[in-house]
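So the protein sequences, as listed, match chains A and B.
Under our numbering, the first residue of the first sequence carries the number 1, and numbering increases by one thereafter.
Under our numbering, the first residue of the second sequence carries the number 1, and numbering increases by one thereafter.
It is possible that some hints are incorrect.
[Stated by the list, open to error] Here are the computed lysine to aspartate or glutamate pairs in the EDC-like style, where the Cα-Cα straight-line distance is at most 20 Å:
(1) B:Lys160 / A:Asp128
(2) A:Lys132 / B:Glu163
(3) A:Lys75 / A:Asp103
(4) A:Lys88 / A:Asp128
(5) A:Lys4 / B:Glu115
(6) B:Lys120 / B:Asp9
(7) A:Lys43 / B:Glu163
[What the hints assert, rightly or not] Restraint ranges, calculated between C-beta atoms of paired labels, are given here:
(8) A:Val20 / B:Lys120: 18 to 26 Å
(9) B:Met167 / A:Leu19: 50 to 58 Å
(10) A:Val145 / B:Leu99: 47 to 55 Å
(11) B:Leu4 / A:Ala22: 32 to 40 Å
Treat the hints as calculated values from the structure; they're not laboratory data.
Values in this document were obtained by computation on a predicted structure and should not be read as measured data.
Note that beta-carbon positions come from the ideal geometry of N, C-alpha and C, so glycine has one too.
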Amino acid sequence: MASKSNFTNMVVVLTSICLVCAAILGFVYSVTAEPIRQAEVAKINNAIASVVPEFNNNPSEEVFEVDGAQVYPAKMDTTVVGYAVKIKTSSFGGPMQMMVGFDNAGNIYNTSVISHADTPGLGAKMTDNNIKLRTELVGINPASVNLSVKKDGGDIDAITAATITSRSFLKGVDLAYQVFLKVQSQN
Amino acid sequence: MGKLKLISDGIIKNNPTFVLVLGMCPTLGTTTSAINGMGMGLATTFVLILSNIVISSVAKIIPDKVRIPSYIVIIASFVTILQLLLQAYLPSLYETLGLFIPLIVVNCIVLGRAEAFANKHSVCDSALDGIGTGLGFTIALTVLGCVRELLGSGSFFGLKLIEGDGMLAFILAPGAFIALAYLMVIFRKVTGKKA
Chain A
1 MASKSNFTNM VVVLTSICLV CAAILGFVYS VTAEPIRQAE VAKINNAIAS VVPEFNNNPS
61 EEVFEVDGAQ VYPAKMDTTV VGYAVKIKTS SFGGPMQMMV GFDNAGNIYN TSVISHADTP
121 GLGAKMTDNN IKLRTELVGI NPASVNLSVK KDGGDIDAIT AATITSRSFL KGVDLAYQVF
181 LKVQSQN
Chain B
1 MGKLKLISDG IIKNNPTFVL VLGMCPTLGT TTSAINGMGM GLATTFVLIL SNIVISSVAK
61 IIPDKVRIPS YIVIIASFVT ILQLLLQAYL PSLYETLGLF IPLIVVNCIV LGRAEAFANK
121 HSVCDSALDG IGTGLGFTIA LTVLGCVREL LGSGSFFGLK LIEGDGMLAF ILAPGAFIAL
181 AYLMVIFRKV TGKKA
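Chain A with its partners taken away, still in its complex shape:
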């Protein structure tokens, strides 16, 4: 059983446990720091690749910022074929990050949800690529439709039982479109 406590052995034992733990944690951190960074970069790159037409540059290296949103230009041999816009917004369960891709004509090429905190089985359905909310958006120009859910008099079908998530999603798309328009007017 444990030894009798006195001031010295309590201080010595607790201090040494903390020191050993800190050393081990520092070591694990240094080993995993690089893979964690790579996993995050890979996630962004996957999101970019899924929302813009085919490209052969490295959009992550040419990223620039407009109104606090990251814009990733996708280029095929120096010609811009589209822009991926990373938007931070908030949804039902908290902050969410999404990527919206536009082609040169300003049509939505595709959308992708990077991170969110919504209810699994409800709002989390927005990560499903085949959900109507997202397939309906593909190929349309945000200027030509009313970007809100049908319940609010818009043109888009909301996810069943996840109207708040659908609203936030469409708000994100709209924000991304505003950023895209700004980018286009600058060129």
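Add chain B to chain A, keeping to what the hints say.
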């Protein structure tokens, strides 16, 4: 004491979820699907085995009055290691479990086993106890996840079995309580315990 009994005790006689009813926060929070429940169970098992091993081997040199802070530091270190490893090598699981990984630190099961078992038994027995308790927790969470996923979204381990939306309540917190209560009743009936 039979070595096998140490493992089976954790699964049946002292099942952390169905018998001891410990660690309810992650149980209810992460079991929205079978795979999430299993991920959380295995993450907790990892921490439980390692913390049991370390605590049982250092228990003799830790003065009685600082044993709880010492155990917490050891458990917290393993949880942080687990968190970094998941973030680096299994980012998708890390995202689904999210906030519940750091919360393993305060999971009563881990500290409970350290205090009730690991500091009184040998390293080997403590490791087996960790495996048993961890497996008991994992099985409970996986079963609960299966039930909720099947009723709530009509799928099994992500495989869509029934078209449509299912009973949404089971994905949300009330369904977790209902499903857990029924599973507890079934578990007690099967193992012959009186409530």
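Now for the hints, and whether the structure bears them out:
1. B:Lys160 / A:Asp128: Roughly 13 Å between the alpha carbons, so the hint for Lys160 of chain B and Asp128 of chain A holds.
2. A:Lys132 / B:Glu163: holds (15 Å)
3. A:Lys75 / A:Asp103: holds (11 Å)
4. A:Lys88 / A:Asp128: Within the cut-off at roughly 19 Å; holds.
5. A:Lys4 / B:Glu115: Holds - the C-alpha atoms of Glu115 of chain B and Lys4 of chain A are around 17 Å apart, at most 20 Å.
6. B:Lys120 / B:Asp9: Holds - the C-alpha atoms of Asp9 of chain B and Lys120 of chain B are around 17 Å apart, at most 20 Å.
7. A:Lys43 / B:Glu163: Answer violated: Lys43 of chain A to Glu163 of chain B is near 30 Å, above 20 Å.
8. A:Val20 / B:Lys120: 18 to 26 Å: Given about 23 Å between the Cβ atoms, the range holds.
9. B:Met167 / A:Leu19: 50 to 58 Å: Holds: the Cβ-Cβ distance is about 52 Å, inside 50 to 58 Å.
10. A:Val145 / B:Leu99: 47 to 55 Å: violated (37 Å)
11. B:Leu4 / A:Ala22: 32 to 40 Å: holds (38 Å)
Hints 7 and 10, counting from the list given before, are not met by this structure.
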